[in-house]
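Chemist: The lines below spell out each chain.
4 protein chains.
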Amino acid sequence: MTTVGVGMVGYAFMGRAHSQAWRSVVPFFDPPVRPVMAALAGRTGNEVRAAADRLGWASAETDWKELLRRDDIGLIDICTPGDGHAEIAVAALDAGKHVLCEKPLANTVAEAEAMVAAAERAAARGVKSMVGFNYRRVPAVTLARKLVLEGRLGTIRHIRAQYLQDWLSDPRSPWTWRMDRDRAGSGALGDIGAHIIDTAQFITGDTVAGVSALTETFVPERPHPDGGTARVTVDDAALFIGRTRRGATAVFEATRFATGRKNSLRIEVNGSRGSLAFDLESLNELWFHDGTDDGETAGFRRILVTEPSHPYAGAWWPPGHVLGYEHTFTHEIADLLAAIADGTDPRPSFADGLQVQRVLAAVQDSAERGSGWAAVEGS
Amino acid sequence: MTTVGVGMVGYAFMGRAHSQAWRSVVPFFDPPVRPVMAALAGRTGNEVRAAADRLGWASAETDWKELLRRDDIGLIDICTPGDGHAEIAVAALDAGKHVLCEKPLANTVAEAEAMVAAAERAAARGVKSMVGFNYRRVPAVTLARKLVLEGRLGTIRHIRAQYLQDWLSDPRSPWTWRMDRDRAGSGALGDIGAHIIDTAQFITGDTVAGVSALTETFVPERPHPDGGTARVTVDDAALFIGRTRRGATAVFEATRFATGRKNSLRIEVNGSRGSLAFDLESLNELWFHDGTDDGETAGFRRILVTEPSHPYAGAWWPPGHVLGYEHTFTHEIADLLAAIADGTDPRPSFADGLQVQRVLAAVQDSAERGSGWAAVEGS
Amino acid sequence: MTTVGVGMVGYAFMGRAHSQAWRSVVPFFDPPVRPVMAALAGRTGNEVRAAADRLGWASAETDWKELLRRDDIGLIDICTPGDGHAEIAVAALDAGKHVLCEKPLANTVAEAEAMVAAAERAAARGVKSMVGFNYRRVPAVTLARKLVLEGRLGTIRHIRAQYLQDWLSDPRSPWTWRMDRDRAGSGALGDIGAHIIDTAQFITGDTVAGVSALTETFVPERPHPDGGTARVTVDDAALFIGRTRRGATAVFEATRFATGRKNSLRIEVNGSRGSLAFDLESLNELWFHDGTDDGETAGFRRILVTEPSHPYAGAWWPPGHVLGYEHTFTHEIADLLAAIADGTDPRPSFADGLQVQRVLAAVQDSAERGSGWAAVEGS
Amino acid sequence: MTTVGVGMVGYAFMGRAHSQAWRSVVPFFDPPVRPVMAALAGRTGNEVRAAADRLGWASAETDWKELLRRDDIGLIDICTPGDGHAEIAVAALDAGKHVLCEKPLANTVAEAEAMVAAAERAAARGVKSMVGFNYRRVPAVTLARKLVLEGRLGTIRHIRAQYLQDWLSDPRSPWTWRMDRDRAGSGALGDIGAHIIDTAQFITGDTVAGVSALTETFVPERPHPDGGTARVTVDDAALFIGRTRRGATAVFEATRFATGRKNSLRIEVNGSRGSLAFDLESLNELWFHDGTDDGETAGFRRILVTEPSHPYAGAWWPPGHVLGYEHTFTHEIADLLAAIADGTDPRPSFADGLQVQRVLAAVQDSAERGSGWAAVEGS
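Protein chains in written order, with numbering that gives the first Met the number 0: chain D, 0 to 378; chain A, 0 to 378; chain P, 0 to 378; chain L, 0 to 378.
Hints were generated in silico from the structure; no laboratory data involved.
A couple of the hints might just be wrong.
Unchecked claim - So the derived label-pair ranges between C-beta atoms look like this: (1) Asp181/P / Ala116/L: 54 to 62 Å; (2) Gly294/D / Arg171/L: 28 to 36 Å; (3) Arg346/D / Trp166/L: 30 to 38 Å; (4) Pro173/A / Gly150/D: 20 to 28 Å; (5) Asp29/P / Asp225/A: 20 to 28 Å; (6) Arg368/D / Trp166/L: 51 to 59 Å.
Said to hold, decoys possible - Sample of chain P residues lacking proximity to chain L, with all beta carbon distances greater than 10 Å (derived): (7) Thr1; (8) Arg22; (9) Pro30; (10) Gly95; (11) Thr107; (12) Ala109; (13) Arg120; (14) Thr175; (15) Pro219; (16) Pro222; (17) Arg244; (18) Pro307; (19) Pro310.
Just so it is clear, the structure is predicted and the values come from calculations on it, not from any experiment.
All residues carry an ideal CB built from backbone N, CA and C; glycine is no exception.
The following block holds chain D by itself, in its conformation from the complex (with noise of 0.2 Å):
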């Protein structure tokens, strides 16, 4: 059995969901290659030790730069906030250890950029780079792109999208670094803006080539949890309109204050025959509408998506037994292991993720200069 060993860094959210994952694609997915969870990097010694024996990793590391080092370690798995990604990622993939970056790539264009040029030169030696664009292994999601692409939508004309979240709300929630430009880059754009870009350029095969934008801050000042209050530099919501490069509409939203809203990723998409939609809060559920169907029955059809049949969903449980938020993780995590021993190019690669960077930067453009309209770069 071939393995590979693994050092992550960073152990906060992300890094919780992606311990998980790594324990759990060898019972459901029976890589070809293994993973061992060889070391969890991060700051503070004591609180990193705690950390990897918690989620399951053999060791810590205080310097995320020792897992480089590691012989035992062929696989870096960055979850730290985004303003550590290029330097991190550049650096393992130099040191020829594939890299698994969580999203959004960088905080930058011109960071991702260097991130692309070392995934391509990286690539030459057979070194692999995946960014984390978790939710296009949501088996829905997934069964959405493969019946676009299988031509059931005809052409697609619409793309409306919403990241809706309420966490912020309330303005006496605090800060965090999350509303700090420096290290967040932005705000709900770069966060959950990033996600429905991706999604939607990944169900439809389209990507968005120019936008009109506007962002707002509704709360530009918040209480800090050592004391005192600190200033927003990100937006809480940003929203554009656009068109594809094949032509067709979008509309986005990404917002964090959509009260009652947890965590509703809506994406809808309308061609000439038929239409889709789906919301992460009934992650499960696909909503499908087949324009072929006779007039009499047609309707949309919400297809519970765990059968065998549908994309993942036969690794886990019998049909009709729902997955939840973090299986995507161990999705994403065997799609990498399998192109590890295959010698392919997963995907989403770097320069899928440069590409979100340039909407997301055209959409910063367009908001800075009064909604004028932005094309996005390369597109």
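Please build the complex by placing chains A, P and L on the supplied structure of chain D, with the hints as guidance.
Modeler: Then chains A, P and L, alone, in the frame of chain D:
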């Protein structure tokens, strides 16, 4: 019992809907002024006579101007395409007849302004005017406005509205006057976009201040019912982002190409204390999230808006017995008759209609200028 | 144009609903026989005259027998409580008047049998009779039956039906005649249980052959509107399991104590090839699972039953414009008038009503014998 | 850190689910006693070794009795078909091992009684036992019980529960041990009917006192995987009405023939003050109607049960990040380990399992006697 003679112009879709409302208002609302369905006007004698007979009008006229000359008629109900609204309404008001005019008020801002001027002149003489944004009178929509006005949503942060239809999704669907800019003014924008603008503004008590927009015509030519093809000179879809006068963000989309969506007017409003969601395909339901509910049981409530305490509902049936599309017209007429009896000014007024027209104009202006920002005149 | 004069007895809830249907049938269905709303009968002169005026009846009578004597009246519409049905219907039929009788047909099987005998005598003379199970004419329900008849569900295995209301959930809700066994025959069972029995049998084309039942009266005494309290001599809830003639299982439940359920008539049918689900609170929707859909995209379809190809829907509005509760009565009357013109026998017939009555009797019999099995007479 | 060695018997569907739970309980629940996945037992050496390797068990045994002899094992997890439960559980408890036993507790009341006796003997020595009705630990279900216990539903009047699957709807689906009365005890009744009985009783804190039932076997013979056909000696569907000890009515239905329903465990409870509804296909949602809400905004609330204040949810992800089917087993095991640490008695106990068995026995008894009433023993 006071009565008012009604003369209606036009007997297509809207004329049929209004006729049912004129017939139904007495048994259910017992209005202080009873309408008498005096005359129906249309161009073709035998057709208008047949329609009058079937729809319950006591007489028929082939020239709408005749209605203005008749002493037994005190109210003109205009159900013609938009290009005829201004002439008929101004003449009727100047002749001292109350006017109910279908939406959109007119095809251009200039026409709408002339109509508002006529309405003001008429109002000074006690003559009433109203524009038919009937969805204000969906009980769920009226209730939504009430909740906003009572402060149960707090400060409004987000408005997102869609009006999705699919009757043009098929390129073989025939050309009609609704695809002709001269007759219809615009396409999806004025026909259904006007509805979501009015409804969203009605619910929130706020107005759109500026927009960035794009429009699209997917199918530029369609088969003409008389043979050959005809050019589509209006938009198939219109979408825009914007800001309201009080600082909320807004996203609007109107399309006739959303395959599988038949008449889906959806509005969602997020405020600092709560949220609302509505879909016209589920006309009797309002979804309300009360942010002051305890965290353990908070959730969007499906309010079935059929209780005696709900707007209009008590006039009809016991709780749970649902209403349909045309009930909104009965509510509209009941309110108009009450205003005539009370001497108050019915809403939506022609000025309200003009304001919607100005938003439509800003949308077209922005769309024609590559999505550049367009302020709404007067806001 | 052939016409038929209509005389209606009773003007409470059902009378108001029927009046709206008599008013609406001409504009929307253009029936071959036009009804003339000739007279309304009720006990109290000033009240019946006021009701006639408001509901659109040309005259008023204080004795229903007078309607039978009038030559201008050819059809009697019975909207009284169940204890009056048999006398009026038999007399009307014997007087050569067509009869539309509200459901349940009667309060006892014996009365119903007498009514069926009268209907058969009358039919021999071309006089028509119909019982008002109006939910057969919900377009979604009519479509459901059509799909079953076409074999799209295959062999029916399961029927589950509920009629859930909550208007008696509060023990302080006042006593009405509906709680008096002498007037109403039974409680939830005959009032709403009859509806689900008829609707389920109509959809499946099958009949209940035997049942095991229980009934319950949660609140045995209620405040009387005139002061004091009155005994509740009917069931608050009735539930039963059963088998149909063709071998399906059935579960039925009718209650006025389902807090929060206002008028939730739900039916679900599972067959070897497909399934159907319906909820009257979402009257315009039928859910259909087509077992022959490919496994990847199979799912319950939400059919919005408002297309021109759907039963009754084309007579009203364009697709997506929803219908309400009272439209079912217009459909019923349109079909009755068509049958009178055609000389065919309208359904549901009095015999259909008797069959439902026999199911109700079996339910009561089983409930009174500690849930022992009770075969339905004649099945 | 205290630990407990775990030995698991069986590695089919339930064994895979339990393994994932044993792996996941430490990172998410940090239990006071840490489980060590010591050994997996199965009949076939190479198969059980491969399963142990993949599922994360440190060793494999081909005789479950060996697990009882091992000092490093303190807890036996029984995931075999029902006919093996009693022997293993009694032996394990008598050997001083804690026992987690899958549901239904046994195939007969007699076996279940023997198991309860063993559990009581063991309890006296501090040895714990638990039966695996995992749906009690769906956060929405646990929350439902909490709301009932807090009185937010008032007096319970109605319980209606369905467990709808369709995997036998096709007569060509092959025969398995689940269709053999000797192995499985019963069909839909014991497999999924047991779940709705336990879940409904858990939520309401009430128990079924008597029933009237029927069962059906639609397809009496099925293709055997080894060729030929085999007889189905269990029910395909089971349904019953009943009364609870405290006076509520109950309707239950369990079937494997509900085409299109994959794993739809639905429970609805109506009380004098409120109602609850749940569907396992939408595992993260609880619908709650609070009858004390003001009439204008009352409605069923869709509670997304993913808040930190909700049962179990806080251990996983931020609000809105949904859980899946197998999380229920992790919750079960977390509670079992907590009980072992605390010295308290975990629930559902073997006595709880026996009580469910007695309801099942009453259902079978009634069904065999033509649906005559059957009191539940001990209630």
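Chemist: It remains to establish, for every hint, whether it holds in the given structure.
Modeler: Hint check:
1. For Asp181/P and Ala116/L, the Cβ-Cβ distance of about 56 Å falls inside the hinted range of 54 to 62 Å, so the restraint holds.
2. Evaluation of the 28 to 36 Å hint for Gly294/D and Arg171/L yields a pass: the beta carbon distance comes to about 32 Å.
3. Evaluation of the 30 to 38 Å hint for Arg346/D and Trp166/L yields a pass: the beta carbon distance comes to about 34 Å.
4. In this structure, Pro173/A and Gly150/D meet the distance hint of 20 to 28 Å, their C-beta atoms being roughly 26 Å apart.
5. Evaluation of the 20 to 28 Å hint for Asp29/P and Asp225/A yields a pass: the beta carbon distance comes to about 26 Å.
6. With their beta carbons about 58 Å apart, Arg368/D and Trp166/L fall inside the hinted range of 51 to 59 Å.
7. No Cβ of chain L approaches the Cβ of Thr1/P within 10 Å, the least distance being about 47 Å, so the stated non-interface status holds.
8. Here Arg22/P stays apart from chain L, with its beta-carbon at least about 31 Å from theirs, past the 10 Å limit.
9. No Cβ of chain L comes within 10 Å of the Cβ of Pro30/P; the nearest lies about 39 Å off, and the non-interface call holds.
10. No beta-carbon of chain L is positioned within 10 Å of the beta-carbon of Gly95/P; the least distance is around 46 Å.
11. Separation of Thr107/P from chain L is adequate, the least Cβ-Cβ distance of about 24 Å exceeding the 10 Å criterion.
12. Against the 10 Å criterion, Ala109/P stays outside the reach of chain L, whose nearest CB is about 27 Å from its own CB.
13. The beta carbon of Arg120/P is kept farther than 10 Å from every beta carbon of chain L, the shortest such distance being approximately 39 Å.
14. Distance to chain L confirms Thr175/P as a non-interface residue, since its nearest Cβ pair spans about 20 Å, more than 10 Å.
15. Annotated as non-interface, Pro219/P keeps its C-beta farther than 10 Å from every C-beta of chain L; the closest such distance is 13 Å.
16. With 10 Å as the threshold on Cβ separation, the claim that Pro222/P sits away from chain L holds: the shortest Cβ distance comes to roughly 17 Å.
17. Interface exclusion of Arg244/P from chain L stands, the closest Cβ pair being 15 Å apart, more than 10 Å.
18. For Pro307/P, the requirement that its beta carbon stay farther than 10 Å from each beta carbon of chain L is met, with the minimum near 27 Å.
19. At roughly 23 Å from the closest C-beta of chain L, the C-beta of Pro310/P stays outside 10 Å, upholding its exclusion from the interface.
Checked against the numbered hints listed earlier, the structure breaks none of them; every hint is satisfied.
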